[in-house]
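Engineer: Residues per chain, in single letters:
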Amino acid sequence: MFGKRRITTPRRGAPLPLEPGVSAIIAVAGHPNCGKTTLFNRLTRLEERVGNWPGVTVEVAKGKYFLAEISTTLMDLPGCYSLASSPNETPLDEKAASDFILSQKVDLVLNVIDITQLSRQLYFTLQLVEQRQPYILVVNTMGRELTKAQRILFAVLARRLGGPVIPLDVEKEENLQLLHHTIETVLQAPKDMIPVLPYWDILESYLVPWVKQGYSEASLLRALESNINGETDSFFKFSVHKLYDKLKSVLNEEPDIWLAKARHGYIESLLRREEDKNNPSLEDELPPHIEGHQASLDKWLLHRWWGLPAFACIMYLLFFIGVQGGAIFQDFFEITADTFLVQGLGDILKNWGVPLLTIKAFQGVGLGICTTLTFVPVIAGMFCSLTFLENSGYMARAAFIMDKAMRFFRLPAKSFVPLLLGFGCNVPAIMSARTLENPNERLVTILMTPFMSCGARLVIYAVFASVFFPGESGKVILGLYVIGMLAAILTGCLLQSLMPMKASPLLVQLPSYRWPIWSRLLRIVGNRVYQFVYKAGLVIVPCCLLISLLLGVGDPRQSVLARIGESLTPIFEPMGLTQDNWPATVGLLTGVVAKEVVVGTLSTLYQGETTALTTAAPNFRQQMKLAIATIPMNFKNTFKGFGSPLSLSFEENPPAPVLKGLQNAFKDPLAAFAYLIFILLYFPCISVVAVVAKELNMAWAAFTVVWSTGLAYSAAVLFYQSAHFATHPTATLQWWCGIILFWSFTWAVAKLLFKTQRKSRSGRSLPTPIKLV
Amino acid sequence: MPDNENDSHLTLTCFLMQLTNFRIGTLVRITQLLPGSWGLRQRLLALGLLPGAILKLITVAPLGDPVEILLDSGKICLGKDALQLLDVEPLFP
Numbered sequence: 002m003f004g005k006r007r008i009t010t011p012r013r014g015a016p017l018p019l020e021p022g023v024s025a026i027i028a029v030a031g032h033p034n035c036g037k038t039t040l041f042n043r044l045t046r047l048e049e050r051v052g053n054w055p056g057v058t059v060e061v062a063k064g065k066y067f068l069a070e071i072s073t074t075l076m077d078l079p080g081c082y083s084l085a086s087s088p089n090e091t092p093l094d095e096k097a098a099s100d101f102i103l104s105q106k107v108d109l110v111l112n113v114i115d116i117t118q119l120s121r122q123l124y125f126t127l128q129l130v131e132q133r134q135p136y137i138l139v140v141n142t143m144g145r146e147l148t149k150a151q152r153i154l155f156a157v158l159a160r161r162l163g164g165p166v167i168p169l170d171v172e173k174e175e176n177l178q179l180l181h182h183t184i185e186t187v188l189q190a191p192k193d194m195i196p197v198l199p200y201w202d203i204l205e206s207y208l209v210p211w212v213k214q215g216y217s218e219a220s221l222l223r224a225l226e227s228n229i230n231g232e233t234d235s236f237f238k239f240s241v242h243k244l245y246d247k248l249k250s251v252l253n254e255e256p257d258i259w260l261a262k263a264r265h266g267y268i269e270s271l272l273r274r275e276e277d278k279n280n281p282s283l284e285d286e287l288p289p290h291i292e293g294h295q296a297s298l299d300k301w302l303l304h305r306w307w308g309l310p311a312f313a314c315i316m317y318l319l320f321f322i323g324v325q326g327g328a329i330f331q332d333f334f335e336i337t338a339d340t341f342l343v344q345g346l347g348d349i350l351k352n353w354g355v356p357l358l359t360i361k362a363f364q365g366v367g368l369g370i371c372t373t374l375t376f377v378p379v380i381a382g383m384f385c386s387l388t389f390l391e392n393s394g395y396m397a398r399a400a401f402i403m404d405k406a407m408r409f410f411r412l413p414a415k416s417f418v419p420l421l422l423g424f425g426c427n428v429p430a431i432m433s434a435r436t437l438e439n440p441n442e443r444l445v446t447i448l449m450t451p452f453m454s455c456g457a458r459l460v461i462y463a464v465f466a467s468v469f470f471p472g473e474s475g476k477v478i479l480g481l482y483v484i485g486m487l488a489a490i491l492t493g494c495l496l497q498s499l500m501p502m503k504a505s506p507l508l509v510q511l512p513s514y515r516w517p518i519w520s521r522l523l524r525i526v527g528n529r530v531y532q533f534v535y536k537a538g539l540v541i542v543p544c545c546l547l548i549s550l551l552l553g554v555g556d557p558r559q560s561v562l563a564r565i566g567e568s569l570t571p572i573f574e575p576m577g578l579t580q581d582n583w584p585a586t587v588g589l590l591t592g593v594v595a596k597e598v599v600v601g602t603l604s605t606l607y608q609g610e611t612t613a614l615t616t617a618a619p620n621f622r623q624q625m626k627l628a629i630a631t632i633p634m635n636f637k638n639t640f641k642g643f644g645s646p647l648s649l650s651f652e653e654n655p656p657a658p659v660l661k662g663l664q665n666a667f668k669d670p671l672a673a674f675a676y677l678i679f680i681l682l683y684f685p686c687i688s689v690v691a692v693v694a695k696e697l698n699m700a701w702a703a704f705t706v707v708w709s710t711g712l713a714y715s716a717a718v719l720f721y722q723s724a725h726f727a728t729h730p731t732a733t734l735q736w737w738c739g740i741i742l743f744w745s746f747t748w749a750v751a752k753l754l755f756k757t758q759r760k761s762r763s764g765r766s767l768p769t770p771i772k773l774v
Numbered sequence: 071m072p073d074n075e076n077d078s079h080l081t082l083t084c085f086l087m088q089l090t091n092f093r094i095g096t097l098v099r100i101t102q103l104l105p106g107s108w109g110l111r112q113r114l115l116a117l118g119l120l121p122g123a124i125l126k127l128i129t130v131a132p133l134g135d136p137v138e139i140l141l142d143s144g145k146i147c148l149g150k151d152a153l154q155l156l157d158v159e160p161l162f163p
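Chains V and S supply the protein sequences, listed in that same order. Just so you know, we're using my numbering here: the first sequence kicks off at 2 and counts up by one. Just so you know, we're using my numbering here: the second sequence kicks off at 71 and counts up by one.
The shape of chain V in the complex, shown without the other chains:
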């Protein structure tokens, strides 16, 4: 990027109008949270396909934008405060934005600024002006009516800064047409912008010797502000250092501070209209950033003592409404989908005389769709409350409260939310990690989340605890939750030492509180649900099909899956599973699909009954009635359990034969606990894997599977062996040594792999390669 500076001097003469047939590149840029992504979606109408989480652009999103005569590529850049960047210090996403603009491949920048923070955000605009970058200033009015004085102000800005200013509410259609026209005009007949910046004139005389060397003024100034230690052109480096020292002695101040002061001073003078003595100041005409009643709200929500309880209450409500509120409808979805897609489908096919195995295959696909659909209400509920919080402006404040505590684990404050939601259901929790801007932080948070013990796993603990640890079930369950959290922290620490990262420094402007726009909120929620159903479904359905085929026809005790379970059981012997307890292994296998089915599988196999899946003749009307009846029932139960959200998911006792079967199978309560540890940590359910694959990539999804299963096995074996240390001390010691050796070896290999990978990547400056058409 810097190396090219010498060759491509920025637009000295008038830029050329676009040739026909060439696609122009337009970038949407500005501070974080000012409405860039909304504008991007408006212009490209790509909402369904790009669907960024509002306020956060994780990668550079790209879309086609058609004007009447020109086809353009629109780039949605991550939010950034300043064009000055510094390798290794500026967060990656921010650096991507500034590098992209400075690379001078951009034909036009749509600089979005928030009207309530006009004076601060114009700083970025001034930097664009200095770069002679053609731009259009889009002032996001945030739903306010413009006053006459404000219109005058925009006219003044347009005249003095040399770029069109368009006030616009990015949420609404108004004025969008004007923006289309302006973009078209600017692209077809670009004007050379000659900035008339007073501070520029002062600097210009000092730059002359270097400009004669072939460096542009803009690039010299940019270098004064940026960290150029990574610069390859050593002469340029030398020149900049010399220039820096010279300016420092002349200006009596460090040049970058002088420049920043000059920019802020100029913005202030523009707003005060100092050049126009007759006119009143326009500064007071701007809407206040934080209004009166909001300040008092902040007083309580960010209070030194009350802030934390308030935060806890809000998080509890988020968890309760999101997870439990969504769960009210979960049974309805499950029963309905099951009635039509599994049982109904099977019935119809049976009437047609289709062979049983084919029916099973169809039912497997139906089961996959059914599994996907049961997550819909939880995801919808979670994203409703999460989007509400995010748009209302509280999330930025939550970061303020949690920052120090999370920094202890070298994590940013924002990763608290996904980790908390993980206790409800890992799937939406992982999806909510999109609020993290930094790609590395997002990765670590996503991989930590599956160890947060979800509601479905609680059901298994509850059954086992009531059988093996009566009277102490609370302690046992709490212990398991703590083990899960420790595993998450361990994962986080290991990943952080593989990929050295520092939690990005906290320096944010607090947004003002506002009510979200409901239609937009619903659209976002719909978008997330669609993405989940479409993309995660593609992974979930084939897996369900496979399990269903393996389960085969007839007695589940004779199925292929049972045989596989039986042959796998010796592997689990060190953690206390005896050979005649093979149903427990099968339970682990079916638990891969969803942790909810483990108890069901165990009860079927211990009782030796056939499942109701094929035998019961479905009666649609009755089933639908049953399905609808679950909604008010769950609703009542949910509110009864408002005080204890975790005890909700398990209220009915499993039938007695299951309890007896369990008691006979696990002779040793310690073996049962080892089994629970394994359940807690191993293979997160297939939906979680699908979501990880979607949010990161297949390789990381595979990593989650291998790492969590490996960790689960090690932990369960070590626990069981240590518990029986007295009976066979040598075997225990052997296991300890073996597992420690295995993990240290894996660790060494991983470290080596990451080292080589980082080396090969060091030349890259953008997180996502941008292909230019």
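Certain hints may be false.
[What the hints assert, rightly or not] Each computed BS3-like pair below joins lysine-lysine, with the alpha-carbon atoms no more than 25 Å apart:
{"hint": "1", "chain 1": "S", "residue 1": "K126", "chain 2": "V", "residue 2": "K262"}
{"hint": "2", "chain 1": "S", "residue 1": "K150", "chain 2": "V", "residue 2": "K262"}
{"hint": "3", "chain 1": "V", "residue 1": "K300", "chain 2": "V", "residue 2": "K247"}
{"hint": "4", "chain 1": "V", "residue 1": "K405", "chain 2": "S", "residue 2": "K126"}
Because the hints were derived from the structure by calculation, they are not lab data.
Assemble chain S onto chain V, guided by the hints.
Structural biologist: Same frame as chain V, now just chain S:
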């Protein structure tokens, strides 16, 4: 741009160390920017946290670390790293 690459340089006079001396509502003036992360420094400058700027301390987070300040009419949340870069003096001691 200059060569001071020392990461998170804890100077005794930085805002973070002085924080215990200030009460909520104190007005402070930034006297200088201390050496440290260059990227963060540019962000501070872009937000208007320059030498000479006057801030009002609004809240300190429950665990004593990020602080919320008022600059002009905007609220800004400053984390530990940012506080270490600023040197301040109280306006009315």
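Engineer: If you test the structure against every hint from before, which numbers come out violated?
Structural biologist: Hint 3 alone not satisfied by this model.
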